[in-house]
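> What follows is each chain in one-letter form.
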Amino acid sequence: MVKTNPGWFFEDYTLGQVINHAVPRTVGPGERALYHALYPARHALYSSDQFARASGLPQSPLDDLAAFHVVFGKTVPDVSLNAVANLGYAEGRWLKPVYPGDTLRSTSEVIGLKQNSNCKTGVVWVRTRGLNQNDETVISFVRWVMVRKRDVDAPAPETVVPDLKPALAPADLTIPDGLDFSDYDLTLAGEPHRMADYEIGEQIDHVDGVTIEEAEHMMATRLWQNTAKVHFDATNREDGKRLIYGGHVISMARTLSFNGLANAQMIAGLNGGAHANPCFAGDTVRAWSEVLDKAQTVAPGVGAIRLRLVATRGGAPFVLKGEDGKYLPHVLLDLDYWALMPV
Amino acid sequence: MVKTNPGWFFEDYTLGQVINHAVPRTVGPGERALYHALYPARHALYSSDQFARASGLPQSPLDDLAAFHVVFGKTVPDVSLNAVANLGYAEGRWLKPVYPGDTLRSTSEVIGLKQNSNCKTGVVWVRTRGLNQNDETVISFVRWVMVRKRDVDAPAPETVVPDLKPALAPADLTIPDGLDFSDYDLTLAGEPHRMADYEIGEQIDHVDGVTIEEAEHMMATRLWQNTAKVHFDATNREDGKRLIYGGHVISMARTLSFNGLANAQMIAGLNGGAHANPCFAGDTVRAWSEVLDKAQTVAPGVGAIRLRLVATRGGAPFVLKGEDGKYLPHVLLDLDYWALMPV
Amino acid sequence: MVKTNPGWFFEDYTLGQVINHAVPRTVGPGERALYHALYPARHALYSSDQFARASGLPQSPLDDLAAFHVVFGKTVPDVSLNAVANLGYAEGRWLKPVYPGDTLRSTSEVIGLKQNSNCKTGVVWVRTRGLNQNDETVISFVRWVMVRKRDVDAPAPETVVPDLKPALAPADLTIPDGLDFSDYDLTLAGEPHRMADYEIGEQIDHVDGVTIEEAEHMMATRLWQNTAKVHFDATNREDGKRLIYGGHVISMARTLSFNGLANAQMIAGLNGGAHANPCFAGDTVRAWSEVLDKAQTVAPGVGAIRLRLVATRGGAPFVLKGEDGKYLPHVLLDLDYWALMPV
Chain U
1 MVKTNPGWFF
11 EDYTLGQVIN
21 HAVPRTVGPG
31 ERALYHALYP
41 ARHALYSSDQ
51 FARASGLPQS
61 PLDDLAAFHV
71 VFGKTVPDVS
81 LNAVANLGYA
91 EGRWLKPVYP
101 GDTLRSTSEV
111 IGLKQNSNCK
121 TGVVWVRTRG
131 LNQNDETVIS
141 FVRWVMVRKR
151 DVDAPAPETV
161 VPDLKPALAP
171 ADLTIPDGLD
181 FSDYDLTLAG
191 EPHRMADYEI
201 GEQIDHVDGV
211 TIEEAEHMMA
221 TRLWQNTAKV
231 HFDATNREDG
241 KRLIYGGHVI
251 SMARTLSFNG
261 LANAQMIAGL
271 NGGAHANPCF
281 AGDTVRAWSE
291 VLDKAQTVAP
301 GVGAIRLRLV
311 ATRGGAPFVL
321 KGEDGKYLPH
331 VLLDLDYWAL
341 MPV
Chain B
1 MVKTNPGWFF
11 EDYTLGQVIN
21 HAVPRTVGPG
31 ERALYHALYP
41 ARHALYSSDQ
51 FARASGLPQS
61 PLDDLAAFHV
71 VFGKTVPDVS
81 LNAVANLGYA
91 EGRWLKPVYP
101 GDTLRSTSEV
111 IGLKQNSNCK
121 TGVVWVRTRG
131 LNQNDETVIS
141 FVRWVMVRKR
151 DVDAPAPETV
161 VPDLKPALAP
171 ADLTIPDGLD
181 FSDYDLTLAG
191 EPHRMADYEI
201 GEQIDHVDGV
211 TIEEAEHMMA
221 TRLWQNTAKV
231 HFDATNREDG
241 KRLIYGGHVI
251 SMARTLSFNG
261 LANAQMIAGL
271 NGGAHANPCF
281 AGDTVRAWSE
291 VLDKAQTVAP
301 GVGAIRLRLV
311 ATRGGAPFVL
321 KGEDGKYLPH
331 VLLDLDYWAL
341 MPV
Chain R
1 MVKTNPGWFF
11 EDYTLGQVIN
21 HAVPRTVGPG
31 ERALYHALYP
41 ARHALYSSDQ
51 FARASGLPQS
61 PLDDLAAFHV
71 VFGKTVPDVS
81 LNAVANLGYA
91 EGRWLKPVYP
101 GDTLRSTSEV
111 IGLKQNSNCK
121 TGVVWVRTRG
131 LNQNDETVIS
141 FVRWVMVRKR
151 DVDAPAPETV
161 VPDLKPALAP
171 ADLTIPDGLD
181 FSDYDLTLAG
191 EPHRMADYEI
201 GEQIDHVDGV
211 TIEEAEHMMA
221 TRLWQNTAKV
231 HFDATNREDG
241 KRLIYGGHVI
251 SMARTLSFNG
261 LANAQMIAGL
271 NGGAHANPCF
281 AGDTVRAWSE
291 VLDKAQTVAP
301 GVGAIRLRLV
311 ATRGGAPFVL
321 KGEDGKYLPH
331 VLLDLDYWAL
341 MPV
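Protein chains in written order, with our numbering: chain U, 1 to 343; chain B, 1 to 343; chain R, 1 to 343.
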């Protein structure tokens, strides 16, 4: 009997199936420091215990996307080891901050299946939840991937495409208990711009660029215990390139967006996202954002801002797609998320 | 007087000599996170405090090999700075888990000496012990190295070759206090295979590969405060290559072996090992294992499995040596160890 | 309104102005471990809680230069984003050790201004202070940078060049509360040389070299939340090179100086420093030191040694400048500092 994990194939998934993913992870100050070494992370709430306390939290939590990557990474051996493509995200919600000492594990429920017409692949939709040591859900999100079939002759399952929200409504967002931006210190946070200073439709070029290194994306991807071979093994592709984990690009773009959006402190929702083109070492990643929406929340001084975050490997900002409707070759990521910021 | 460390030469060692190595090290969550960023480490006991507690330990210890590297690193300035070759390991025992906050130091006793017939070098055997802040031995092992003589005319010492066990017996292994795999969660651990599912003689190709980067092996080697120049200085060799610390290959192979041996949780003994060929950046490291032996232990639900772990830079698995009896050029490491796993 | 930070220009500074820099940072075991992974740091006081306690401190502090980099990094967006050159340091003082859990922020006071005769740039002197969560100053230093003018026609400010000490006197140094080297363990520290064993004028070649990698200097620079574009963006210069943060060279040289100065445990003062030539990935950094002065302190067993620390990219040690009075091309750094060591 083969002892290694061959990954799951399309016909291994059934609707309603719950997969308990392996290898729980206790996170702490080491993960935090590494996140800040690998990305230009500067959002004050995730940098300073004092700033977090002044915002009503007990201490500085693990960066929102670091928590996401940990939860996501656990799903890879069961969901995307044989994935041909990561097709999308929806209904991502940050439900509870993750603090040093918390232990995270992940479960996924299969909520949609659709065999492709070529009979060689199919699309699997899963709703993944990250749970802490008290079995509280800290993050949940839907993603869908195209997965190979083991046997092209295996019968197709009944097609079920889940009904997903094109975007979370502000009321769908969970505000961390106690969060309060009434006494928010703009100077310490790094920029004077409150939510009121941003207009819907406003576009921001985040200016800075970071050239990607193999050692860095591999360290990040391993830290999240993401095992996808394409990120680590230069012999995996004919061109000898290692494909960079899409989450590395997400974190790079989000942290680059500090310059212009320093007060968009916490990610609260992920409406959708596309990895438009693959990223490789040597690419210099840049980012721009567009304000899609704004809303008040019930928490004192806390607003919610909906942002499009686009990562590029250079090229002009503020353009996404060509006349053919396809992403331009220099666009790496098109992400749609909600962040919490002082009103 | 020269202030820098010239390293020790063969004639500096005397039988029975005890060397107290420098620079004690307090280890903690930062070392743990870096280990998991530098290697694809996924063994649940070293990843989750909850999993460690469910296994009878107070919390998740520092990874077994990270502790080994810290203890080993301290010996380099006194034992292997002038080493021509690391010849072997024997009688390695993990006696006590290392927890965050522990401070490690190392001592070595010279237990064997043999001048080579060329009169230019000799072999030194040392038994190294790693001690914690309570002077408890946490790790002990024997290694032997070939060391240059300062003066070829220095008299040869009496030849003493220590009598070393070809392998530890199961009864030689120390089981951590309280370790209990009775309620072991195979799902969380990542694979369904208990010790009973492995047969003696069984071989496992661990499938995955990791391409080695300069930044990564240097960060690892520095973290263990290993000062050997060949790992850091590209001007040290004529070909401009930096030789990769053998321990980097050991950790890479051991963590790659998760895929197929996820439940071989803790290393308890090191029977022997050879660094068959040097490893350099750009090599893609792979690993295979062979089950050499199995035994019960006195701890509830805990078995001991003896494994050969082989690291390669590609090439066919399951072959080690050519017709000339020498390791094949693609073989990097041949290690023989005992691990603890659920029976 | 542009939301991103354009940096400050020469005419934005006024004498006496106080700048409160953004993004406070809680430091901990993760930062410590990364410092020891990125540099060959081995000074025992910063490596072992036990060694620090035996020296009268409550635990091992964050490495002196790591604390410096954190404080320095915060000033970059306001002081040196548009800097043409970092011209010098003076009157640097380590006033209080930084411990895990401390939160650091920085403020700078403008203490000097001098427009250059070309009217395009000017020199700004700032005294920067790093403060902890109790508003205690932990580090202070003066640095001066050449900054571009936004508008060449902007009027020149009154020229004020601050009166800076060419070097701190021993009496200017602050010894950490409780520091006591009476029972200092030379064996654990790694070398037998006390301050008495060094002569003024003595020169030490630290022998070892480290070849610099892009991933490493970027991780370090990001960890200190230093945002200067030239360190991260390979498209920023015509030659595609990333300029390495001068502080990376300082830390590399200081940690390399362990080999020969293992007992120069803590940096207490920075008298001056020049980044003589830029450093790039691929350079192999080496270091040599010269003993400039020695003094007693009031703390038991604690002496102060004044050292010149020179980093090179190879080439002969112990030479700094050519016949033209300029630094030789292989010299990277010329630093003048006080360290505390056992008498």
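Please note that a few of the clues may not be correct.
The list makes no distinction among identical chains, and a pair is therefore deemed to hold if it is satisfied within one copy or across any two copies.
Stated by the list, open to error - In the SDA-like style, the derived pairs of lysine to any residue whose C-alpha atoms are separated by at most 20 Å in a straight line are: (1) Lys114 <-> Thr159; (2) Lys96 <-> Ala234; (3) Lys294 <-> Asp324; (4) Lys96 <-> Gly301; (5) Lys114 <-> Gly282.
By construction, these hints were calculated from the structure, which means they are not laboratory data.
Quick caveat: nothing in here was measured; it's all calculated off a predicted structure.
> Next, verify each hint and record whether it holds.
Tested hints:
Within a single copy, Lys114 and Thr159 get their C-alpha atoms as close as 5 Å, which meets the 20 Å cut-off; across copies the closest is 73 Å, which misses it. Taking identical chains as interchangeable, the C-alpha atoms of Lys96 and Ala234 are never at most 20 Å apart, the minima being 37 Å within one chain and 38 Å between chains. In this assembly of identical chains, the alpha carbons of Lys294 and Asp324 never lie at most 20 Å apart, being 31 Å within a copy and 62 Å across copies at closest. Proximity of Lys96 to Gly301 under the C-alpha cut-off of 20 Å is restricted to the intra-copy arrangement: shortest distance 19 Å within a copy versus 36 Å between copies.
In this homomeric assembly, Lys114 and Gly282 never come within 20 Å of each other (Cα to Cα): the closest approach is 37 Å inside a single copy and 40 Å across copies.
In this structure, the hints that do not hold are numbers 2, 3, 5, in rising order.
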